[in-house]
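Make the full structure from the sequences, and use the hints.
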Amino acid sequence: MNILSTLFRPKTIAVVGASTKPKSAGHIVMMNLLQGGFDGIIMPVTPKYNSVCGVLAYRDIASLPMAPDVAFLCTNACRNEALIQELAAKQVKHIIILSADTIGSNEPSEYQSIAKQNGIRILGPNSLGIIMPWAKLNASCSPINAKPGKIAFISQSAAMCTTILDWANDKDIGFSAIVSLGNALDIDFADLLDYLTMDSKTEAILLYVDTIKDARRFMSAARAASRNRRILVLKGGRTHAGRTAAQAHTGGQDSLDIIYDSAIQRSGMLRVNNSHELFAAVETLTHSIPLRGERLTILSNGGGPAIIAVDTLLMKGGQLASLPSALIQQLNDILPESWSQNNPVDLLGDADHERYIKALKLLMDHDFTDAILIMHSPSASMNSDYAASAIVDAINQHPRRQHFNILTNWSGETTAKPARQIFTHAGIPTYRTPESAVIAFMHLVEYRRNQKQLMETPTTAEPVHMRELTEAKQWISNKLQDNKSVSLDTHQIGVFLKYFNFNVLATWLASDVSEAVHIAEQIGYPVAVKLRSPDIAHKSDIQGVMLNLRNRHEVASAAEAILDRAQLHYPSANIHGLLIQAMAKLAGGEEIRIKVKTDPTFGPVILIGQGGAEWDESVDATCALPPLNMTLARYLIVRAIKEGKIRLQKLPIPMDIAKLSELLVRISQMIVDCPQVYELDIHPLLATGEQFTVLDADMILKQCKQGDTQRRLAIRPYPVEYEEKRQLKDGTSILMRPILPEDEPNHANFVSKVSKEDLYNRFFSDVGELNHEALANLTQIDYDREMAFIAVSNPDSDPEIIGVSRALLNPDNTDAEFAILVRSDLKGLGLGKLLMQKIIKYCRQKGTKQISGVTMPTNRGMLMLAQKLGFELDVQFEDGIADMVLRLNEPSTPQ
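Going by our numbering, the letters in the sequence shown line up with residues 1060 to 1954, in that order.
Since the hints were made in silico from the structure, they are not lab data.
No more than 27 Å apart at the CA atoms, straight line, and that leaves these computed lysine-lysine pairs for BS3-like:
1) Lys1532 / Lys1543
2) Lys1230 / Lys1476
3) Lys1070 / Lys1195
4) Lys1532 / Lys1557
5) Lys1082 / Lys1206
6) Lys1927 / Lys1892
7) Lys1788 / Lys1892
8) Lys1761 / Lys1532
9) Lys1927 / Lys1908
10) Lys1908 / Lys1175
11) Lys1532 / Lys1718
12) Lys1812 / Lys1886
13) Lys1784 / Lys1905
14) Lys1784 / Lys1532
15) Lys1718 / Lys1656
16) Lys1701 / Lys1375
17) Lys1761 / Lys1543
18) Lys1764 / Lys1905
19) Lys1532 / Lys1764
20) Lys1927 / Lys1784
21) Lys1175 / Lys1149
22) Lys1656 / Lys1543
23) Lys1701 / Lys1511
24) Lys1070 / Lys1209
25) Lys1656 / Lys1701
26) Lys1420 / Lys1476
27) Lys1149 / Lys1195
28) Lys1260 / Lys1511
Shown next as structure tokens:
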């Protein structure tokens, strides 16, 4: 059971600060509980009244006859600490705080430590409360209740909650849960995603986000939830001013909007851009039908609205279906001669409901499209309500109804609203404008694309060899020594970049003009001369970079001018001389800028764009979170090109995207393995076909805190520390290591060599050939909350998976569900025991309280192994299952 189950399904609620004053929070909460139909025990706490809303009141918390499941604090913020101390003494486990006592603060409050010490979970402060319509629980200060539905809405903004509720009630749309997070000092998005993913009433989840505070937990919870639920995100704070307002509202750090974009996409969620799109998304998700495909056909009685729909579709990257010639001929037989003869199918302004229905039936008879948008503008030729009902009947009666996604756009207000309600009640998504209808369809398309990307099997890039990596780490150690941080330029970091196989343009250092001329004569013309100063961030501000200098006189003149301008504009700046480089052959190449920066919330991120003197990373870059593999790196590049952040030129030899992907993977490996790299700015990287040359770069190194250096990353990288070589009983050497996404083909081969009986014991059902999606779920795991160890034979030549053990940890880390599978022809060699011991050791190191598993009573080999390792067995022959539990917090547990 999830630790938050009692919060959302309470049997007793105490309302501290209950009141009889009509507009007070204590009165609104009491009325909402009573009018919502909550059938549990309500206990008002107030010294002012004997009863509130007809319910017997208690003078203080100590006098409550029982410990409430949930305590609702409707009091002034100054009383929170004392009240929470009293509730802790009463052994309350969940508290909802209305007061906004710490808006914009990231500092822990006194009562947080009290709550943590006593195992109390807090929702808020500055929370509106929770509404669980299916449980008839309205434990909120909202003036509007919610109807039962299948969408959960989690919001950091109380105002967004009430706005969505008011709109949804008008549309007759319901919710499975409404949760107002407030400042989220304790319970946050990760906790709620974990809970709602297991809620049978919730099919989709909407998030309104100001800021995320724990990126690792959020990413893990979101990824797990998005495997089973559609999750849409509206993120506030796209601009710098907006981010500042978000910080003032709910606290958190200032992170670039493009970083949130990357995090949302990487975890399999879908971002909507504004509240208008959010409303459209709610409408779509309320009638959620799996997307059949991306081809859209538009049926309309007006050319103008249909054109707007087409423009919106193509601008969003959608696909307009092509009408087959046979269908066009059939439509010619039933439509006026002047119909459009194309998609959109324009039925003309005098179309009645019969024309709509005849055309719609013909469209549904063919397989050329996946979705149909039926549009209508107010017309004297057709009764809007009657037509809507007739179209609903025609759709429901068509034998191929389930082959299509059907959406409708009935434009207008007074005349169209009843028709839209007819579609809503029929379970058909309906929208007020052409744009909102198409955007809603594209939400489904983009979500499907995101999920497909997540499931793609990545390829492996050539790793950096251990010798070079060791030398790179030693180089960093030498540079930092006793310094907390150092800033380095191209001349200083060239050696380090070469450890990671970067091609760096040779750079020489000149202390004055004469030395610059001497170096230029040595390396040959043309050359570039650049200012070297740690205090001048943008050399272009003073023309600190001079290119294509073709003789000694040009070099001398340029060097002198650069130094003079630096002295004039920055008289107090430290000038460390000049950098001299041979001119790279820019013709026929692309100039790309790549930057690694450390975000206060998400840790190290990788930015890529076209670069240039006026480069603004918040606008001109696309972002990715490390670690990257080849597939993720390629998506980053393709996304940057699609968004116009990289504008490819028509070159004789086009930039090799695969090779650039390899370079990004090496940068990712650098970030993961060298935590002292705080910032790296490559400006630019010259890309010529397969050749990539670093022309200029700066790096900041910082000492990192002792402990788990990987905690700074929002996504847990591959845990190389768990790799281990072992021997089987017959002397065969094997490598035991965590599974990788790239292992999918080998994992499929492994499963094919396991007997049907062993597969049945593992999966409790007959398993045929596992499809790509199933294999992706088994190989693309989140190392922060699950683990799969594989045993690999011949790891250095022809690697083959011969066994796997898994542990899926619950969010509270109180239990890990394990599973184990060994190739059927290799039983009896001790492989199962090695894999099981590996999982036990891993869970013990994670601090997991117990490991549990289920198998068949007939699986004697597994039961005997579990018993030898100290598991408690509970064999239930009637139910056909055997439970195995190993309590890790007991010192007597076998090693």
